[in-house]
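Engineer: So you can see what is in the structure, the chains are spelled out below.
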Amino acid sequence: MNWFPLWNSIRIAAMSTVLVFFVGIFCAYYASRLPRAVKGLLDVVLTLPMVLPPTVCGYFLLVLFGTKRPLGVFLSRFGIQMVMSWTGGILAAFVVSFPLMYRTARGAFESFDETLAYSAQTLGLPNSYIFWRIRMPVCRQGILAGAVLAFARALGEYGATSMLIGYTPGKTATISTTVYQLWRTNDEAGAMRWVLVNLAISLVVLLAVNLLEQRQKEGNK
Amino acid sequence: MSLLVDIEKKVGQFHLRVSLEAEQGVTGLLGSSGCGKSMTLKCVAGILRPDRGIISLNGVTLFDSQRGIDLPPQKRKVGYLFQNYALFPHMTVKQNILCGLYHEKNQAKKHKKLEEVLKVLQLEELLERRPFQLSGGQAQRVALARILVGEPELLMLDEPFSALDSHLREKLQVELRSILADFGKTALLVTHSREEAFRLCGEVAVMSGGSVLLQRETHSLFENPQKVSVALLTGCKNIIPAQKRNAHLVEIPDWGISLETAEPVADTLTHIGIRGHSFHPEEQKNAFSVVVLDQIEEPFEWVVQFHFVGQKENTSALWWRVPKQAGMDLQPKTLGVHPDQVLLLEE
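Each protein sequence line maps, in turn, to chains B and Z.
Residue numbers for the first sequence follow numbering that gives the first Met the number 0, beginning at 0 and rising by one.
Residue numbers for the second sequence follow numbering that gives the first Met the number 0, beginning at 0 and rising by one.
Calculated directly from the structure, the hints in this document are not laboratory data.
One or more hints might be untrue.
[Claimed, not checked] Computed, partial: chain B to chain Z, Cβ under 8 Å:
no., residue
1, Leu-115
2, Tyr-117
3, Ser-118
4, Ala-119
5, Gln-120
6, Thr-121
7, Leu-122
8, Leu-124
9, Pro-125
10, Ser-127
11, Ile-133
12, Pro-136
Given the structure is predicted, the values throughout are model-derived calculations rather than measurements.
All residues carry an ideal CB built from backbone N, CA and C; glycine is no exception.
Chain Z extracted, bound-state conformation (with noise of 0.2 Å):
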C-alpha cells in the first residue's frame, strides 16, 4: 500500500491513536471538528511528532519511534494543503509557486515546469498578484500549484473549502476532483462534510475522538454504516435504541413499533437508522400510522416532522426528507420502510 500510519500521541486530556491505510486515489477523514484530523495530518507531514508508531510513504518509513526514524517536513515528499492555504503574503503568485521549486537548480528544468503547472490550473494572468489580491478560488489553485509543482508523493487536503463562500463551493469541488485525478498519487482529505466525502473520496476513514472507528468504501460506508456514530456522522437523521426479536425483526421500544430487516440482525445489535430519505407513503412494508407535526419547507425539499401513532411520549419526532413535486401529499395515513433501508447499528 502507499501510505501506512499507525501511531499515537497524547495532547494533554486528548488521546489521538490512528492507524490508517491510503492506497493510490482520494481517501477521506471524516469526523467532526476536534477528532483529530487535522492533527493526524499534521503528524504525517512532520510538523507534530507522534510519541510512537510508524509512518511510511511508498515503502519509505516517514517515522519509526522504534527505530528512531523521525524525517524532517523537508524531507517526506508530502504536499500539504492548509485549510487557510498559507499563502506567503509578501509574495507574488509567481514567487509562492517558484517555493515549490526551491530544490530545482536547473533553471531550464524549473521553467518548464512552472509554466506547466500554470498553464493546467490556468494561473497565467495572475502571476503578479499578490495573495491578498486574490479571491478564495483562485488563492486555492495557486497554493495547488506551489505544492503540485513540487511533485510530492502524496497530497494532503486540510478542509479545503470552508474558507469559501457555499455558491463557490461546488464550483471548487468539481475543479479539484479533475486536479486530484490528473495528480494521480495518494491524496488525503479532510473533511467535516460528507457531500464533499461522497463527492471527492474513493474510500472514507470515519474519525471519533482521536481514533478511525471505521476506514470503507465510500459507497459501502453510506449503505450501511455500522455503527452509531458513523451514522450520525453520513447525516443519519433516525436513529433510536432497538432490540433483535429474532434474525430479521427488530423491536423499538420506544416508537412502539417492530420493523423487519432485509440484513440478518446480529446478537450485538444496540440500535437501528432510517435515512429521512427511505419513508415512502406507498410502502407496503414496515408501513405504520403517523400524526405529522411540522413541515419545513427547503429549496428542493420538504421535510416533514412526524410521530409513529403508538410512539412514546418525549422522544424525538422523526424526519421525513421528500422531493418536491406536483400533488404530493404531505399528511400521510402511513409512511413506511423498505427493509433493506434499515440500517442496523452497533454502538
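This is chain B alone, in the form it adopts within the complex (with noise of 0.2 Å):
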C-alpha cells in the first residue's frame, strides 16, 4: 500500500492549521476590538468560506491563483505554484478552515474579562507579556478548540482541493481524494482501507480534544 496520501493530508492539514492559527488569531483579536459595524462586515467576509460550497471556493480560488492569473503569475515569480501542486493543497486548506479558527478565537476574545489586561497593565507588564502570557492562556480553551476544529476540516478538505490541486497519485492525492478515486475506479477494497486510515485520525483527534478538555478543567476551575 502506498502510504503518499496519509503524509500528504497530514503535512497540508498541518501546514494549514498552524497559518490557521496564527493569522486566526490575528484576526480574531482585532476584529474583537472593533466597532459592531466594522465588525459585522468583517465578520460576514471573513465566515463567508464556512457557508459556501467548498467547490465554490476552489472555484474562486482558481480565479485568483490561476497560472494565467495576477496572483498566480506573481506567485510564480518566485516559483510557487497552487494549481496541480500540494502546496495549493495547504491554501485550500487555510480558507475552509479559517472560519471555524476565527470564530471560536473571537469568542473567547469576547469573553475575556478586560480587567484582567488593564491590571497587568498597571502592574507594569508589558503589552506582548499581556497578549501571550495572559489573554492567550486565559483564552487557551476557546484557541485550542479552534485549532483542533481547524486541523479536523483542513484533514477532511475535499471540495476546493479537488478543484485547485485535482488528484494526481504522488504528487497531489490526499486521503479524501484518493477515497473518492479509488470508489470511482471500482476499488472498493482501497476505498475503504483509507476509510479506516480515516477514521482512526479522527479518533486520535476526538481523543485528544477530550483529554485537552479534562486536564483543562482539572487545572483551572
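The task is to assemble the complex, starting from two chains supplied on their own in separate frames and drawing on the hints.
Structural biologist: Right under this line is the structure:
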C-alpha cells in the first residue's frame, strides 16, 4: 500500500493549521476590538468560506491563483505554483478551515475579562507579555478548540482541494481525494482501507480534544 | 500636593469633569453608581484617556493634553485594585504576586520583596493556590500584595468590599485600615458606602453626575454637608425645602413649622436636613407635637416614622432613629431637634 496520501494529507493539514492558528488569532483579536458595524462586515467576509460550498471556494481560488491569473503569475515569479501542486492544498485547506479558528478564537477573546489586561498594565507588564502570557492562556480553551476544529476540517477537506490541485497519485493525492478516486475506479477494498485510516485519525483527534478539555477542567476551575 | 487631577471626558451623553487634589493619606470618592468614580480612576491609571486636562502625581506629569503628555499605564506607578481583584486565573498566588515584580531583575532583591509582602499580608500558606481556591478576603490580600510589592506611588481602590459578604466586610475594613496606614502614600478609595468612607478616609470628595461637588475633611463633611445631594449621600433621611426667616430661623412650609438654627442662615438656603438620630423626645428647643405612623424594628435600633401635627398632607413621613434601650417611649408627644443639628443646605 502506498502511504503517500496519508503523508500528504497530514502535511497539508498541519501546515494550514499553523497558518490558520496565527492568522486566525490575529484577525480574531483585532476583530474583537473593532466597532460593531465594521466588525459585522468583516465577520461576513471572513466567515463566508464556512457557508459557501467548498467547490465555490475552489472556483474562487482558481480565479485568483490560476497560472494565467494575476496572483498566480505573481507567485510564479518566486517559483510557487498553487494549481495542481500540494502547496495549493495548503491554500485550499487554509481558506476552508479559517472561519472555524477565527470564530472560536473571537468568541474566546470577547469573553475575556478586560480588567485582567488593565490590571496587568498598571502592574507594569509589557503589552506583549499581557497578550502571550495572560490573554492567550486565559483564552486557551477557545483557541485550542478552534485549532483542533481547523485541523480536523483541513484533514477532511475535499471540494476546494480537488478543484485547485486535482488528484495526481504521488503528487497531490490526499486521503479524501484518494477515497473518491478509488471508489470511482471500482477499488472498493482500497477505498475501505483509506476510510479506516481516516477513521483512526479522527478518533485520535477527538480523544486528544477530550483529554485536553479534561486537563483544563482539573487545572483551571 | 501629591495627586492633582483636572480632567474632562465626554462619553456619549455622559460628561466627566473632575478636579481633585489628594494629599498623603486616604481620600474617598463617594458617589452613587454611574457618577464617574471608576471612570476617574481609569483616567488616572491611564486605561482611559481624558479629552483634555492634567493629571500629575508627586510632581510627575502623567497626562497633559496641552503638552501632549500621556504616559502609558505601565509607567505611571499607580496601583489599581479592581472590584473583582482581577487575579490572573491561570497563575498561582506566587506567580500572581511576582507579576508585580516583573521589572526587578535582581533575583535576591526580588525574593526579599516577595518574602516581605507575604509576611505582612499573611499569605505564606497560600503561595501555591490558584485564585479560584481563595476566599474573597484572601483574594483581596493577594491582589493588594501584587500591587504593593511593586511600590506604587499611588494606590487606588475601586469598591474594595463590594465582592464580599457583609460579615466579612467590617473585618476586612479594619485590616485594610492598617494596610493603608503602612502604605503611607496617597490612596484613593472609591465607594458608595458612607460607613466605608467614614471609617477609612481622612478626606472625602463627593461626586455626582460626573463632577466633584465638594471635597472636605470627612468629619466636617458629615457634620455640615452643605448641599442637598451631599446630605443625601451621607445618609441624611429628612430633607425638605425651607425658607430663610431671619439669621437664625428657617420656615418649613411642608411641615408647618419654623426651626431655630445655631449656624447663621445664608440667603442661598433652599433646603434643610435633619438626621434620623438628631430627634430627641426630651429636647426643649425646636420641639413640636408629632403623630407616630409606624415603628420598624432593626437589630439595634428602632426606626419610627412620624408626621408633625401641622404637616401638609401628601408629604413624606419623617424618620426618627433611636437606639434600643429599656423603658423607652416610642410614642412621644413631642420631638425636638437641637439648633446645631439642623443642617443648612443648598440645592
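Engineer: Does each hint fit the structure? Answer for all of them.
Structural biologist: Here is how each hint holds up against the structure:
1. Leu-115: holds (5 Å)
2. Tyr-117: This hint holds: B/Tyr-117 lies near chain Z, its Cβ roughly 5 Å from the closest one there, short of 8 Å.
3. Ser-118: holds (4 Å)
4. Ala-119: holds (7 Å)
5. Gln-120: holds (4 Å)
6. Thr-121: Since chain Z brings a Cβ to about 4 Å from B/Thr-121, closer than 8 Å, the hint holds.
7. Leu-122: holds (5 Å)
8. Leu-124: Interface hint status for B/Leu-124: holds (5 Å vs cutoff 8 Å).
9. Pro-125: B/Pro-125 check passes; min Cβ-Cβ to chain Z is 7 Å, inside 8 Å.
10. Ser-127: violated (12 Å)
11. Ile-133: Given a least distance of 6 Å, the restraint on B/Ile-133 holds.
12. Pro-136: At about 5 Å, which falls below the 8 Å cut-off, the nearest Cβ of chain Z leaves the hint on B/Pro-136 intact, so it holds.
Against the hints set out earlier in the document, a violation occurs for number 10 only.
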